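*Asks:* Now for the letters of each chain:
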Amino acid sequence: MRIDVKKTYKLYIGGAFPRSESGRVYEINDAEGNFLANPSLASRKDLRDSVVSARNAFGGWSGATEYNRGQVLYRVAELMEGRTFQFAEEIAALEGVNFKNAKSQVEAAIDCWVWYAGWCDKIASVSGSTNSVSGPFYNFTVPESLGVVGIFAGQQSALLGLVAGLAPVLTGGNTAVVIASEKYPLPAITLSEVLATSDVPAGVVNILTGSSAELAPWLGSHMDIDGIDLSGLSKKEEAEVRLAGVENLKRIFRFNDSNSLARVQAFMENKTVWHPIGV
Amino acid sequence: MSNFEYALAPESTAILNIAPQYGLFIGGKFVDSKSQQFFSTINPATEKVISQISLATEADVDFAVASARTAYNKVWSKLSAAERGKYLFRIARILQERAREFAVLETLDNGKPIRESRDVDVPLSAAHFFYHAGWADKLSHAGFGSDPKPHGVVAQIIPWNFPLLMLAWKVAPALATGNTVVLKPAETTPMTALLFAEVCQQAGLPDGVVNIVTGDGSTGALLVNHPDVDKIAFTGSTSVGKAIARAVSGTKKSLTLELGGKAANIVFDDAPIDETVEGIVNGIFFNQGHVCCAGSRLLVQENVSDQILEKLKHRMSQIRVGDPMDKNTDLGAINSSEQLARINELANSGDAEGAERWSPACELPTTGFWYPPTIFTGVTQAHRIAREEIFGPVLSVLTFRTPQEAIEKANNTPYGLSAGVWSDKGSRILWASQRLRAGVIWANTFNKFDPASPFGGYKESGWGREGGRHGLAAYVKGGK
Numbered sequence: 207m208r209i210d211v212k213k214t215y216k217l218y219i220g221g222a223f224p225r226s227e228s229g230r231v232y233e234i235n236d237a238e239g240n241f242l243a244n245p246s247l248a249s250r251k252d253l254r255d256s257v258v259s260a261r262n263a264f265g266g267w268s269g270a271t272e273y274n275r276g277q278v279l280y281r282v283a284e285l286m287e288g289r290t291f292q293f294a295e296e297i298a299a300l301e302g303v304n305f306k307n308a309k310s311q312v313e314a315a316i317d318c319w320v321w322y323a324g325w326c327d328k329i330a331s332v333s334g335s336t337n338s339v340s341g342p343f344y345n346f347t348v349p350e351s352l353g354v355v356g357i358f359a360g361q362q363s364a365l366l367g368l369v370a371g372l373a374p375v376l377t378g379g380n381t382a383v384v385i386a387s388e389k390y391p392l393p394a395i396t397l398s399e400v401l402a403t404s405d406v407p408a409g410v411v412n413i414l415t416g417s418s419a420e421l422a423p424w425l426g427s428h429m430d431i432d433g434i435d436l437s438g439l440s441k442k443e444e445a446e447v448r449l450a451g452v453e454n455l456k457r458i459f460r461f462n463d464s465n466s467l468a469r470v471q472a473f474m475e476n477k478t479v480w481h482p483i484g485v
Numbered sequence: 028m029s030n031f032e033y034a035l036a037p038e039s040t041a042i043l044n045i046a047p048q049y050g051l052f053i054g055g056k057f058v059d060s061k062s063q064q065f066f067s068t069i070n071p072a073t074e075k076v077i078s079q080i081s082l083a084t085e086a087d088v089d090f091a092v093a094s095a096r097t098a099y100n101k102v103w104s105k106l107s108a109a110e111r112g113k114y115l116f117r118i119a120r121i122l123q124e125r126a127r128e129f130a131v132l133e134t135l136d137n138g139k140p141i142r143e144s145r146d147v148d149v150p151l152s153a154a155h156f157f158y159h160a161g162w163a164d165k166l167s168h169a170g171f172g173s174d175p176k177p178h179g180v181v182a183q184i185i186p187w188n189f190p191l192l193m194l195a196w197k198v199a200p201a202l203a204t205g206n207t208v209v210l211k212p213a214e215t216t217p218m219t220a221l222l223f224a225e226v227c228q229q230a231g232l233p234d235g236v237v238n239i240v241t242g243d244g245s246t247g248a249l250l251v252n253h254p255d256v257d258k259i260a261f262t263g264s265t266s267v268g269k270a271i272a273r274a275v276s277g278t279k280k281s282l283t284l285e286l287g288g289k290a291a292n293i294v295f296d297d298a299p300i301d302e303t304v305e306g307i308v309n310g311i312f313f314n315q316g317h318v319c320c321a322g323s324r325l326l327v328q329e330n331v332s333d334q335i336l337e338k339l340k341h342r343m344s345q346i347r348v349g350d351p352m353d354k355n356t357d358l359g360a361i362n363s364s365e366q367l368a369r370i371n372e373l374a375n376s377g378d379a380e381g382a383e384r385w386s387p388a389c390e391l392p393t394t395g396f397w398y399p400p401t402i403f404t405g406v407t408q409a410h411r412i413a414r415e416e417i418f419g420p421v422l423s424v425l426t427f428r429t430p431q432e433a434i435e436k437a438n439n440t441p442y443g444l445s446a447g448v449w450s451d452k453g454s455r456i457l458w459a460s461q462r463l464r465a466g467v468i469w470a471n472t473f474n475k476f477d478p479a480s481p482f483g484g485y486k487e488s489g490w491g492r493e494g495g496r497h498g499l500a501a502y503v504k505g506g507k
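Residue numbers (our numbering), protein chains in the order written: chain A, 207 to 485; chain B, 28 to 507.
Just so you know, these hints were derived from the structure itself, not from any lab. All values derive from a computational prediction rather than experimental measurement. A hint or two may mislead.
If we take Cβ atoms under 10 Å as the criterion, some of the chain A residues that face chain B in the derived model are [what the hints assert, rightly or not]:
hint : residue
1    : 330
2    : 333
3    : 403
4    : 477
Beta carbons: idealized from backbone N, C-alpha and C, even for Gly.
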């Protein structure tokens with residue numbers, strides 16, 4: 207009989223896979239209570255390191271051409287497809303759903319990447335405008351990347367909720383710090399292995415596992431985070447994050463739908479440029 | 028000083044018909060405030076009292092919100108979008124018809140030159156209503172779904188720097204999208220809002236669709252915290268904006284904010300010098316610098332800074348400071364003694380921190396609130412006058428050597444409302460425009476506004492946009 211080689215689930219920060227600097231882990235069991243893994247219990251310091259990585263990666267990612275970003279996001283879908291079985295096994299074990307259900311969740315997540323990949327170079331056409339001002343000026347409005355976005359991934363699904371939050375943020379050219387589902391963190395780390403090998407530059411996505419409630423106030427008050435997707439945070443903790451986020455006027459939203467242009471637009475700024483027309 | 032002597036050219040105030048005191052405009056009528064408390068609004072150029080204005084307290088705010096709610100439920104939400112739009116067209120036309128009256132009253136209450144209220148504030152206000160009137164029945168084409176819904180009752184709080192124009196920026200899109208409004212004008216500049224109430228009456232706007240409550244910060248706070256308000260739109264300082272955001276952070280209320288700025292105006296060494304100097308002057312001295320998007324940080328490429336500063340100083344000595352009602356006046360009165368004190372305090376910090384102050388010789392009137400056009404050179408990024416919004420005719424001058432350095436200095440601020448770029452090179456303008464973290468970029472121009480052009484800031488300059496298709500998002504449910 208062969209003994210399985212089990213994976214150590216670590217954090218994903220700046221393109222590397224460190225353990226939590228705090229040395230903490232927490233136990234994750236499957237739906238029947240059997241031990242699965244000891245993922246890292248991320249600390250405030252891990253969060254701050256993630257924000258530094260995300261900020262450093264912002265210039266390159268937001269400055270890439272939209273065509274390039276679209277190809278990179280499509281590449282994520284390609285590489286996920288090859289790991290469908292692995293994701294589905296993790297989801298089935300964690301959520302206690304059957305393999306078919308788990309597999310369909312993985313497929314939905316892959317299709318979500320494909321949907322957003324195709325948006326990258328169309329946002330400006332749909333969301334921007336040229337504006338008819340009353341005078342000899344050329345005036346146009348373009349959507350631009352917001353910056354570093356904190357994402358509370360959906361708690362109730364191991365993978366789909368995370369991708370539904372992350373993909374639109376990346377589509378808009380932002381970099382992300384993701385707090386994975388607390389109960390179901392393992393596919394988030396497997397996803398980071400996909401991201402690390404699919405041309406997503408290091409630091410563009412940073413994924414933390416651990417306690418949303420513990421990290422929420424630090425994420426809400428961090429002055430170098432520009433926006434927050436609250437979707438995976440409980441209503442109880444939402445008010446505290448919103449209040450803390452006022453300090454630098456973070457753009458804070460909660461979403462119920464996936465595959466939505468509004469999720470991309472929420473984390474983009476509209477810039478209007480004027481220039482005179484003349485000879 | 029200039030050798031040209033100008034004859035006096037004062038605009039007559041005979042067109043005005045000002046009552047000695049004003050009530051609140053609620054439910055389509057002027058009503059007495061329940062508190063029967065009044066405050067004076069004064070002409071900042073003469074310190075003479077213009078009228079007594081009602082201070083709306085809790086019962087008044089309740090009444091205004093209830094009137095807006097009733098109008099929303101019973102009338103406004105049932106009207107077809109096309110008919111709704113026609114009311115806005117009517118308002119636009121009446122504003123045009125009464126343009127002179129509005130311009131004179133604005134200058135009287137605010138202190139801005141009549142040339143600006145006449146040529147900018149009032150025509151742009153009418154244009155905002157005309158523009159948004161056309162949106163009312165075309166919202167399904169605006170990118171917010173096939174049938175975007177209004178919030179309901181909208182509370183709007185506006186500043187004193189462009190009293191009528193800010194009213195138009197707020198009221199026009201709110202009504203076009205089907206909301207009803209409770210508006211609070213600024214404490215020091217309520218007059219044109221009260222005259223606008225008459226316009227609503229003349230337009231036959233259904234009672235309660237627009238309600239105007241005058242007062243101070245306490246009135247604004249009552250409005251923000253009122254449980255039956257669905258949405259709040261605020262223009263003003265970043266500190267008050269944050270206080271409002273905190274107050275509503277635990278509620279379902281939707282909020283848009285248009286806050287402060289510390290705009291960089293970047294001059295590259297290939298910029299057309301004369302146009303640039305005009306742009307710098309317009310950027311900081313327009314409306315006495317009481318402009319959130321004012322070009323208050325001049326970043327000049329080092330190799331042309333001497334030349335630019337020499338021309339700028341020459342141009343500044345042509346600026347005519349004085350009676351706002353005179354059609355030749357360029358720089359009017361500071362809006363209030365409080366604002367004058369703030370400008371003085373910050374400018375004095377510039378002296379204390381080692382920057383070098385310069386103003387042209389100019390005689391200031393002995394009554395009223397005045398500040399000469401002023402520049403500080405030798406300013407560093409650490410100086411308060413390079414970091415804090417002065418909101419007055421005071422320009423801080425910094426230099427840079429490389430384009431990259433210019434962008435870094437320009438973006439080194441928590442604000443992100445606007446920026447200017449001056450260069451003859453198209454690719455450089457687009458390069459800089461892409462990298463400046465600000466919501467409005469004026470390239471080879473400055474301080475241009477239009478109802479079709481979205482306006483609003485990045486970072487701590489606010490949430491959302493006003494104007495254009497993007498501005499409608501603030502007033503429809505789920506708008507992003």
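*Asks:* None of the hints should be skipped; say for each whether it holds.
*Replies:* Evaluated hints:
Interface hint status for residue 330 of chain A: violated, as the beta-carbon distance to the closest one in chain B is roughly 12 Å, over 10 Å. At its closest, the beta carbon of residue 333 of chain A sits 7 Å from a beta carbon of chain B; the interface hint therefore holds under the 10 Å criterion. Of the supplied interface hints, the one on residue 403 of chain A is violated, with its beta-carbon coming no nearer than about 30 Å to a beta-carbon of chain B, more than 10 Å. Below 10 Å, beta-carbon pairs count as interface contacts, and residue 477 of chain A has one with chain B at about 6 Å; its hint therefore holds.
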